[in-house]
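The numbering used here numbers the first residue of the sequence shown as 17 and each following residue consecutively.
Simulated from the structure, these hints should not be mistaken for laboratory data.
Worth double-checking, as some hints may not be accurate.
Said to hold, decoys possible - The calculated DSBU-like cross-link candidates involving lysine-lysine, where the alpha carbons are at most 30 angstroms apart (straight line), are:
| hint | residue 1 | residue 2 |
| --- | --- | --- |
| 1 | K248 | K321 |
| 2 | K112 | K321 |
| 3 | K192 | K123 |
| 4 | K123 | K387 |
| 5 | K73 | K123 |
| 6 | K123 | K383 |
| 7 | K192 | K387 |
| 8 | K123 | K321 |
| 9 | K248 | K387 |
| 10 | K192 | K73 |
| 11 | K112 | K123 |
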Amino acid sequence: MPVRFLRDRYADLKSSARSNLVFTDKAKKTAGLFVSMVLSLLVGIVISVINTRYLGKEQYGDFKFLINLFSLGVTFLTFGFFYTGGLLLARTDRAKEKRELTGDILKIALMSSLLLILVSLVFSFLEHKIFGNRLGPLIRYSLPLLFIYPFQLCFEQVLQGGNRIYSLSLLRIGPKLVYIALALGLQYFSRFNLTSALIAHLGAFAIVIVALILYVRPAFRGGASNLTRILKENRNYGFPIYLGAITGVASSYLAGITISYYIDNENVGFYSLAIMAALPLTMLPASFGTTFFKAFVSYPRIPRKVILVTAGTGLTALLGFLIFIDEIVILLYTEEFIPVIGLSYYIAIGSLFHGFGDFLNRFISAKGLGKLIRNSNFILGAVNTAGYIILPRYLGVEGAAFTRLIAGIVYFLLLLGYYRRYQAQRRSTLNTAKK
C-alpha cells in the first residue's frame, strides 16, 4: 500500500473531523485507531516476511494450522459473556462500576482459559489420528500460554465498551511488535523454527495482556451483583451472539482445518497469507464502528458523514490493494508464494464487504439487538460451513477463497437489511407517538 495513499487517507480523516470546527474526541480516537491499523498492517507484513522466510512454506503452513485450531476452539468456550460485558461497560460512566465489571469479566476469561487448556490437552492426543501432522506434542508444549486466546477476546470487548480506543490499538499492534523482537532474537541466538515461532507468538500476546490487566486496574471484589447482571443480560444479548458466533466466526476458521484435511498445510499457509494481506480491508471499516460504538448507544442513526468516510476510505483501499498486491507478494515472499496472489483478489473483495458488515454490526450491537447479530452469524456460518467443506474438496484452495468472497457479500447484505429494518421501525414508532 503506497505511502501517499496512507497519507491521503489520514489527511481526509483529519479534514472530515475539522469540518465541524473542532477536532472532536471521537475523530481523534478514529484517527488513532486508523493509524494503529496502518501500523498493524506494516508490522504484519514484516512478521509474514520473517515467518515465510525463516519457516518456509511447510512449517509456515503448520504454524497457521495451529493458530486456526486454537482460534476455533476458543470460540466455543466464551458463551457470549464478553459481548455482554462490553455492552454493560458502554452503558455506564461510573469509574468504580467499570472497574468492578471489568474484574468480573476477567474472572470469566480465566474460566474460559482453563476450559481451552483442558480441551486442547485432550485433542493433542487425537490430532495425529485425524490430520496426520504429528503436532500433538507441540500443542501440549504450548498449553500454559493458551490463556491468551480468551483474554484477547475479552479485552476486545472490554476496551471497546469502555471506550478505551488507544488501549484497543495497543492490543492489536503491541503483540506484533513484541513478536518481531522475540523472533529476531531467537533467530540470532538459536534456530528459529515452528516451536519457537509458536511460543513467541503466544508469549508476545501474554506480555501485552498482562500489561493491559495492570493498566485497567480491575476490581475483583465487586461482589455477586455484577455477575448476576452479566448472567441476566447474557441471556438476551451475549448468548444469542455467541450462538451465532459458533456458526459465523468459528466457521471462518474452518477453512484452515478443511484445507489441511483435503489438501495439505502448505496450502493452509497460502490461504492464511492471503487472508492476512486482506485483513486491513476488514479492519478499516470496522475501526470506524468500534470508535463510535459507545456513541451508537444514543445515536438514532449512523451519521451520513461517517458512512461516506467509511465507504470512501474502504473502496479506495481496495483499489490500491488490487493494483499492487501481485508486486508486493513477489517482492516480500519470493516466487515460492505466488499462489497467494490469485487467492488475494477474491479474498480482498470479500474482506471489504465483511468489514462494511462489521461497521453496521457495531450499531446493531450498541442497540442491544443481540438476536439479530445471532441470526446474521447463523446465516454466515451456514455459508462458510457449506463453502469450506464442499468447495475445497472439488476446487482446491481456490474454493476457500470463493467462499470468503460469497460469505462477505452475504454478511454485508444481511446487516444492511437489519439496519434498514431498525430505521423503519424507529420511524414507525415516532409516527405512532405523534398521532
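So, going through the hints one by one against the coordinates:
1. About 36 angstroms separates the Cα atoms of K248 and K321, which puts this hinted pair outside 30 angstroms; it is violated.
2. Between K112 and K321, the direct Cα distance comes to roughly 35 angstroms. Violation of the 30 angstroms bound is thereby established for this hinted pair.
3. With a C-alpha separation of about 26 angstroms, the suggested pair K192 and K123 falls inside the 30 angstroms cut-off, and the hint holds.
4. At most 30 angstroms may separate the alpha-carbon atoms for a hinted pair to count; K123 and K387 meet this at roughly 25 angstroms.
5. At most 30 angstroms may separate the alpha-carbon atoms for a hinted pair to count; K73 and K123 exceed this at roughly 39 angstroms.
6. This hinted pair checks out: K123 and K383 have alpha carbons roughly 26 angstroms apart, not beyond 30 angstroms.
7. Under the criterion of a C-alpha separation no larger than 30 angstroms, the hint pairing K192 with K387 is inconsistent with the structure, at around 34 angstroms.
8. With a C-alpha separation of about 40 angstroms, the suggested pairing of K123 with K321 is violated against the 30 angstroms cut-off.
9. Using a Cα cut-off of 30 angstroms, the hinted pair K248 and K387 holds, with the two alpha carbons roughly 15 angstroms apart.
10. In summary, the hint linking K192 to K73 is supported, as the alpha carbons are separated by about 20 angstroms, within the 30 angstroms threshold.
11. With a CA separation close to 17 angstroms, the supplied pair K112 and K123 stays within the 30 angstroms bound.
Checked against the numbered hints given earlier, this structure breaks hints 1, 2, 5, 7 and 8; the rest are met.
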